[in-house]
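Chemist: Residues per chain are reported as follows:
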Amino acid sequence: MVIGRIKIRVPSVIKKGEVVPVMALVTHPMETGLRKTKDGKVVPAYFINDVDVFYGNDRITHCDWTYAISANPFISFYLKADKAAPLKIVYKDNKGGVYQQSVQINPR
Amino acid sequence: MRRCFFLKKMVLMLAMGALAAGTGRGAFAAPASVSGIQEYKQNISTQEYEKRYNAVYGKFTGQMAEQGNPADFMLDDGKDLFKKVEGTTGKSCASCHGENGEKLKGVAAGYPKYDPAIKGINTMALQINRCRKENMGAPELKYESYDQLALELYVKSLSNGVPIKVSIDGPARPFYEAGKAYYYMRQGQLNMSCAICHVKYAGHMIRANLLSNNRHHADHWPGYRLKWGKTGSLQKRFRGCNKKVRAKPLPFQCDTYRDLELYLTYQANGLPVAVPGFRM
Chain C
1 MVIGRIKIRV PSVIKKGEVV PVMALVTHPM ETGLRKTKDG KVVPAYFIND
51 VDVFYGNDRI THCDWTYAIS ANPFISFYLK ADKAAPLKIV YKDNKGGVYQ
101 QSVQINPR
Chain W
1 MRRCFFLKKM VLMLAMGALA AGTGRGAFAA PASVSGIQEY KQNISTQEYE
51 KRYNAVYGKF TGQMAEQGNP ADFMLDDGKD LFKKVEGTTG KSCASCHGEN
101 GEKLKGVAAG YPKYDPAIKG INTMALQINR CRKENMGAPE LKYESYDQLA
151 LELYVKSLSN GVPIKVSIDG PARPFYEAGK AYYYMRQGQL NMSCAICHVK
201 YAGHMIRANL LSNNRHHADH WPGYRLKWGK TGSLQKRFRG CNKKVRAKPL
251 PFQCDTYRDL ELYLTYQANG LPVAVPGFRM
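Those protein sequences? They're chains C and W, same order as listed. The working numbering puts the first sequence at residues 1 to 108. The working numbering puts the second sequence at residues 1 to 280.
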């Protein structure tokens, strides 16, 4: 399983000014750091702890995550589509990994 | 071909013994219990089960499945693997089965099925490995490995929406009966059969779990499970349920599991194929 693959879903047709749902999925093991292997070794914590969402040049939302989020986390939120601009989601994990993807929002 | 000897002997003896005693050879079309097993009456209808499911858990799994099933990534990879040239003959699956698998549309709805070449039940996972070995000269994929599941998922997804139509007539019948015998065989330290939980007590709570009836068990695998945190196959689920009653799980794609898969898929006849699935 490749870590940090992202899928962002937005409606295919968007009217200008409309409030649309955005859904995003990312692959990540989200290890809590509390789990042990069968031979008793602690599995080190490894999880996404920072999510940024940009719409054009504006940062429109931000999440601080902890190990309490499930593996392969899913987020969804609403966006007021008032301009043609890329929507970019950036995930950062506690080991310095950065994963990002953008989709173009083109309201008509 | 993989076998699981100790069980196979027992189960087939059961089935064959009853065949010989009861209806005799060739009388495969005989109704119901050729194997002498009296199947339990379904304890709960599927509609009633779904109502109860929604009352207990709510609708969130259904929503998650639609909005963000992590198995979708695997599906994309499966599509790429389908077109990837591998092996000594320099071919990909697409070379023989169509650029986007056009020739395999609807095929998965008829699997598992009897195949005279292996004198047993052919599952989709097995067929893909046979094609790799015999037609591509490529190594077989390890069962339950990422690539194996991805290919199986992709090929099955070509049949999404097609009603499952598994045949148990003719030579498939004894294998179906063997699958049924396994389903009704008590096993493990807890001495329970699959059928006790999934037919007789379906719809009841077992601790914090609501027991499902077996009508919908085989239509949505490979699927993503939250508990696993990844995508797995129906046979991985079998192994989980074996362990639950402290019975010994069997190897993937061994003959008993393939018979069991035939039995369960037959229960799902008429339902559309719907992969990838999504479960708790």
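Think of the hints as simulated: they come from the structure by calculation, not from any bench. Fair warning: there could be bad hints in the mix.
The list that follows gives simulated cross-link-like pairs (lysine to aspartate or glutamate, EDC-like), each with its CA atoms no further than 20 Å apart [stated by the list, open to error]: (1) 105(W) - 76(W); (2) 142(W) - 80(W); (3) 113(W) - 77(W); (4) 230(W) - 144(W); (5) 227(W) - 58(C); (6) 7(C) - 77(W); (7) 230(W) - 72(W); (8) 92(C) - 31(C); (9) 88(C) - 50(C); (10) 230(W) - 82(C); (11) 200(W) - 102(W); (12) 105(W) - 77(W); (13) 7(C) - 48(W); (14) 15(C) - 64(C); (15) 7(C) - 80(W); (16) 7(C) - 144(W); (17) 142(W) - 86(W); (18) 236(W) - 140(W); (19) 7(C) - 50(C); (20) 7(C) - 66(W); (21) 91(W) - 147(W).
Chain C side only, calculated, beta carbon under 7 Å to chain W, not exhaustive [stated by the list, open to error]: (22) 12; (23) 71; (24) 72.
These figures come from a predicted structure and were not determined experimentally. The beta-carbon is built from N, C-alpha and C at its ideal position, and this holds for glycine as well.
Chemist: Against the structure shown, which of the earlier numbered hints fail to hold, in ascending order?
Modeler: Violated hints: 3, 5, 10, 11, 13, 14, 16 and 22; rest satisfied.
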